[in-house]
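Given these sequences and hints, build the entire structure.
So the protein sequences, as listed, match chains A and H. The first sequence lines up with residues 1 to 543 when you count with the working numbering. The second sequence lines up with residues 1 to 345 when you count with the working numbering.
Be aware that one or more of the hints could be misleading.
[What the hints assert, rightly or not] Simulated pairs of lysine-lysine, DSS-like, Cα-Cα distance not exceeding 25 Å:
(1) H/K230 with A/K405
(2) H/K291 with A/K253
(3) A/K80 with A/K29
(4) A/K253 with H/K343
Since the hints were derived computationally from the structure, they do not count as laboratory data.
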Amino acid sequence: MRRLFNFHGGVQLRQHKRESTATPVIPAKIPKTLILPLQQNIGNPAIPTVKVGDKVLKRQIIATAAGNVSVPVHAPTSGKVIAIEDYAVPHPSGLKASCIIIATDGMDISRRRESRFLNYQDLSPEQLRELIHQSGIVGLGGAGFPSHLKLATERNRVDTLILNGAECEPYITCDEMLMREQALEIVEGLIIMRHALQAPRCIITIENNKPKALEQIKLAVKHCNVDFIEVVQVPTVYPAGGEKQLIQTVTGKEVPSQGLPIDIGVVCHNVGTAYAIARAVEHGEPLVSRYITVAGSVAKAQVLEVLIGTPVSDLIEQCGGNRKTLSRVIMGGPMMGFALHNVDVPIVKTTNCILVNSTIADVPLPSRRQHALPCIRCGACAQACPVDLLPQQLYWHTRAKEFDKAQDYNLFDCIECGCCDYVCPSHIPLVQYYRYAKNTIWQQDREKKLADVSRERHEFHKLRLEREKQERAERHKKKRQAVSSDTVQDDKKAAIQAAMERARTKREQSDTAPKNIDQLTEQQQKLIAEVDQRREKERSAET
Amino acid sequence: MSLNTPTSPHIHDDTSVTKMMLRVLLALVPAVIAHCWYFGWGLLINISITVTTALICEYGLLLLRQRPVTPFITDGSVLVTAVLLAFCIPPLAPWWLAVLGAGFGVIIGKHLYGGLGYNPFNPAMVGYVMLLISFPKEMTTWLPPHLVQDLNIGLWASLNAVFTGQLPVGFTLDSITAATPLDLVKTQLGLDVTIAETKNANDVFGDFGGIGWEWIGNWIFLGGVWLIYKKVIAWHIPVALLGSLFTISLIFFLMDADHYGSPMFHLFSGAAMLGAFFIATDPVSAATTPKGRIIYGIGIGLLTYIIRVWGGYPDGIGFAVLLMNLAAPTIDHYTQPRVYGHKRS
Numbered sequence: 001m002r003r004l005f006n007f008h009g010g011v012q013l014r015q016h017k018r019e020s021t022a023t024p025v026i027p028a029k030i031p032k033t034l035i036l037p038l039q040q041n042i043g044n045p046a047i048p049t050v051k052v053g054d055k056v057l058k059r060q061i062i063a064t065a066a067g068n069v070s071v072p073v074h075a076p077t078s079g080k081v082i083a084i085e086d087y088a089v090p091h092p093s094g095l096k097a098s099c100i101i102i103a104t105d106g107m108d109i110s111r112r113r114e115s116r117f118l119n120y121q122d123l124s125p126e127q128l129r130e131l132i133h134q135s136g137i138v139g140l141g142g143a144g145f146p147s148h149l150k151l152a153t154e155r156n157r158v159d160t161l162i163l164n165g166a167e168c169e170p171y172i173t174c175d176e177m178l179m180r181e182q183a184l185e186i187v188e189g190l191i192i193m194r195h196a197l198q199a200p201r202c203i204i205t206i207e208n209n210k211p212k213a214l215e216q217i218k219l220a221v222k223h224c225n226v227d228f229i230e231v232v233q234v235p236t237v238y239p240a241g242g243e244k245q246l247i248q249t250v251t252g253k254e255v256p257s258q259g260l261p262i263d264i265g266v267v268c269h270n271v272g273t274a275y276a277i278a279r280a281v282e283h284g285e286p287l288v289s290r291y292i293t294v295a296g297s298v299a300k301a302q303v304l305e306v307l308i309g310t311p312v313s314d315l316i317e318q319c320g321g322n323r324k325t326l327s328r329v330i331m332g333g334p335m336m337g338f339a340l341h342n343v344d345v346p347i348v349k350t351t352n353c354i355l356v357n358s359t360i361a362d363v364p365l366p367s368r369r370q371h372a373l374p375c376i377r378c379g380a381c382a383q384a385c386p387v388d389l390l391p392q393q394l395y396w397h398t399r400a401k402e403f404d405k406a407q408d409y410n411l412f413d414c415i416e417c418g419c420c421d422y423v424c425p426s427h428i429p430l431v432q433y434y435r436y437a438k439n440t441i442w443q444q445d446r447e448k449k450l451a452d453v454s455r456e457r458h459e460f461h462k463l464r465l466e467r468e469k470q471e472r473a474e475r476h477k478k479k480r481q482a483v484s485s486d487t488v489q490d491d492k493k494a495a496i497q498a499a500m501e502r503a504r505t506k507r508e509q510s511d512t513a514p515k516n517i518d519q520l521t522e523q524q525q526k527l528i529a530e531v532d533q534r535r536e537k538e539r540s541a542e543t
Numbered sequence: 001m002s003l004n005t006p007t008s009p010h011i012h013d014d015t016s017v018t019k020m021m022l023r024v025l026l027a028l029v030p031a032v033i034a035h036c037w038y039f040g041w042g043l044l045i046n047i048s049i050t051v052t053t054a055l056i057c058e059y060g061l062l063l064l065r066q067r068p069v070t071p072f073i074t075d076g077s078v079l080v081t082a083v084l085l086a087f088c089i090p091p092l093a094p095w096w097l098a099v100l101g102a103g104f105g106v107i108i109g110k111h112l113y114g115g116l117g118y119n120p121f122n123p124a125m126v127g128y129v130m131l132l133i134s135f136p137k138e139m140t141t142w143l144p145p146h147l148v149q150d151l152n153i154g155l156w157a158s159l160n161a162v163f164t165g166q167l168p169v170g171f172t173l174d175s176i177t178a179a180t181p182l183d184l185v186k187t188q189l190g191l192d193v194t195i196a197e198t199k200n201a202n203d204v205f206g207d208f209g210g211i212g213w214e215w216i217g218n219w220i221f222l223g224g225v226w227l228i229y230k231k232v233i234a235w236h237i238p239v240a241l242l243g244s245l246f247t248i249s250l251i252f253f254l255m256d257a258d259h260y261g262s263p264m265f266h267l268f269s270g271a272a273m274l275g276a277f278f279i280a281t282d283p284v285s286a287a288t289t290p291k292g293r294i295i296y297g298i299g300i301g302l303l304t305y306i307i308r309v310w311g312g313y314p315d316g317i318g319f320a321v322l323l324m325n326l327a328a329p330t331i332d333h334y335t336q337p338r339v340y341g342h343k344r345s
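Okay, structure coming up:
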C-alpha cells in the first residue's frame, strides 16, 4: 500500500456525480454543422489544408500543425466544408477565432485507416511521439497542451508517470465513465505512453468516490499483466485532481515554483489522453470525439461521446434542456470552468463538461452574491488554499493595486482553483482579483520589455554616434599627425600651401558682383527698362 | 437569449459574514445566561443599551459615510461588538457608561478607520479601554455574585438602578458592590496579604477562580470550542493565549504561591476566557497567518499576565489585545507560510 501525503487546504464539495453516471455512455447525434476551431491547444493554431466547398471524410486532416507546439485538426465526420471564417469559440471573453465549418452529410464515411493495428513496441519513442502529434492529441484534462511534447524526455529523466483519474470537480463524470467503460484501452494507452517516456513506473490515481471505475481499472491492469502500474485511490477533496496536488498526494514531492513536474522526474497525463493515444496508436484513429458530461438543469444528465465541433446547444437539447430558459451555461466544472456567452459555440478537444443552469432550475447553483462585503481577514481562504498562499493578503494588495507586493506574496503560484473564493464569507470574487493582478503584471512586463528594448536601442544609437564621432576624430587626428609629422613630404606640403595661396589670391581678385550687367549694350538696357515698366504696371493693376 | 457570464468559481459555500457573527452571538448565549444567574439582570440591560447605541451609531455613520446601509447593518459585526462590550461593563453600572462605550467603539474604533474590515483595533476593546481609563471607579465596581439573588434585586429594581442610580430601599452602593476577584487579590497583595489569606477572608472565590466567574468562564469555553468546531474561529489564538497565560502563571505560582495566583485562577477569572475565544479572535484586528496567530495569542497571554500582576489595572485583556492589534500587521509580514513548491527554509 502506497503511503499518501496530504496537501494543504482544499474544500469538501457536494459531488453531484450520481445523476450523470446512472446510464451508460451513448454517442451524441451527429449535428448538422460542425465548427472546428483551428486552435484547440496551447501553442500555435493549425493551418487549414482544405478549401470552402471541399468534401471531407471522417478522420481526414483538415488543418495541419503549425510547428511542433501545435497539433493538426481532423474532420470528425464526413461532409462538406462550407466556410473557413471567424466564429464564436468557447472562451471566457466570448471572442471569435478562425474555424473550419463543416456541413455534415450524415453518412459518416471514414478515410481509409493509415496505420493498421500497430504494435507500439515496434515503434521508437520518436515515432510514437510523431504518431501522437499527427493524431491531434492534446491534454484532455483541460489544459490542452500538445501531448507529444509531454511525452518527450529531453528535459529530464522521467521516474514516475502519473495517470490522473481523480476528476475532483463536482458534476464532471466523463473521466469516471471513460474509466468504467474503456479501462483496458486506458491502461494500454498508459503502457504506450510509458514506452514513449521510458518511465520505470506508472501510477493510476482515482478518487475514492469512484469505486466502479477503480474496479474496472484494476481489472484492466491485471489483464495487461504488467508489474510497473500501481493503482492508487486518493481522498475525495477538491482539488485532489490538480496536477501539483496530485503529485504531492502520491509522491510527497512538490513541483518547484514556476517549474514543471518533469523537474522532479514526474509526468502527469489525463486518463482521457491515454485513451485517445491508445485509439490513435492501436487503431489509427485521430482525436475526433471525446466523452463529455452534460449536467445541471437538463431532463437527463448523462455522459455522451461527442464529436469535436458539435455546438453546445445541440448537446443541451439532446439531454432535454430548454434553450429558451437558459440562464447560465458553464463549460468545464463549477469551480474552474467558465460561463459561455452563447450556446452556439462548439465543443473542443479540452471540453469535459457542460453544466447548464436555467431560470426555472430545480436545483440552482448556490452562487456567490453579487455584492461583496469587505474582507474581514478571517483567514478561511488561507486555510482552504491548496498552495498555502495568503489569499487575504493577495486580495488586500491587489485591491490597492500594489502588484509588486502581491508578487511578494507569490501571486504567480496561485492555481486559480477557486477554493478561497468558495469559502469566503464576504463573497469576494477573489480569483477574479488574482486574474486581474496577473494580467496587469503581464501587461506591465510586456510594456516594460518594449520600453527596455527601445531604450536599449536608443542608448545603442547614441553610443554608436558617439563611437563614430570618436573614430572620425581619431582618424582625422591620425591623418593630421601623419601629415605634420612626415618631414619627407615637406616640399609637397609647400606645394599645397602655394597652391592654396594662389587660389586665395585668385578668389580675392575675382569680382563677386554679377558679371553680366556691367557691359550691356544699349539695346539690352532698353529691354530691361521695358520689362521693369511692364512689371510695375501689372503690379499696380493688381492692386 | 442573454446568458449570465460570472467568473469562476460558479458555486459558493453556504456562508456569510452575518452567519459567522450570528454564530458568535449564539456561542455567547450560555455565558449570558450564566452571567445573569450570578449577577442578575445587569448584563441583559447592558446588552440592550450597547446594542441600541451601537446600531444607531452604525446606521448614522453609514449614512454619513454614504455607504449602503442594509448589507452593513445586517452583517452582525456591530452586534458582536456591542455584546462583547456589555460583558465588560459591570452590571448595574449607570446607563451612560454603556452608551459612551458603545458609541466610542463604533464611531471612533470602527467607522473612523473605514468600517467593517478596516479597523486596526478591536472596537469593543477600544470602547472598553476608553471607559476603563476615564471611569476607573465605575468600571471596577462589580456586584458580589449571588448577592443579586439573596437581595432579590428584580428587573425593575435593576432598571431603576441603571437608569436613575437609585438603589432598592435600604441599600447603599457600597453595601452591594464588591471588587472582582482579580481586583481583590491585587489590592490585598498591595497590603501584604497573601492570596491564601485573601481567599479565606472573602467569599468571592470558588473552586479555582472567582465564584460565578469560573462558571461563566466554563460556558464561554464551551461556546468557544463550538466556534472552533464550526470553523468560525481558528484554534491558534485561543490555544496560544490560554497556553501562554497558563504557562507563565504556573511558573510564578510554583515559585511563590503566596503572591502569585494559580494558573486556574488566572484562566477562570476576569476576561481571560472571553478574551481568548471571543475578543482576541476578532479576525479584522488579529494576525491572520497561522504562525502569526500563535505569536499574537502568546503575546496577549503574556501581556495580560504582566498587566494583571505588575500593572496598574486588575485585568489586562483589553490592553493586551489593543497592544497586540498594533503588532498584528508586522507579525503577519514575518510569518508568511511557505508556499507550495518554494524552498523549505
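Cross-check of the supplied hints:
A threshold of 25 Å between alpha carbons decides the hint, and for H/K230 with A/K405 the separation of about 33 Å lies outside it, so the pair is violated. Of the supplied pair hints, the one linking H/K291 and A/K253 holds, its CA atoms being roughly 23 Å apart against a limit of 25 Å. As the CA atoms of A/K80 and A/K29 are separated by approximately 18 Å, the hinted pair is consistent with the 25 Å bound. For the hint pairing A/K253 with H/K343, the CA-to-CA distance comes to about 12 Å; that is within 25 Å, so the pair holds.
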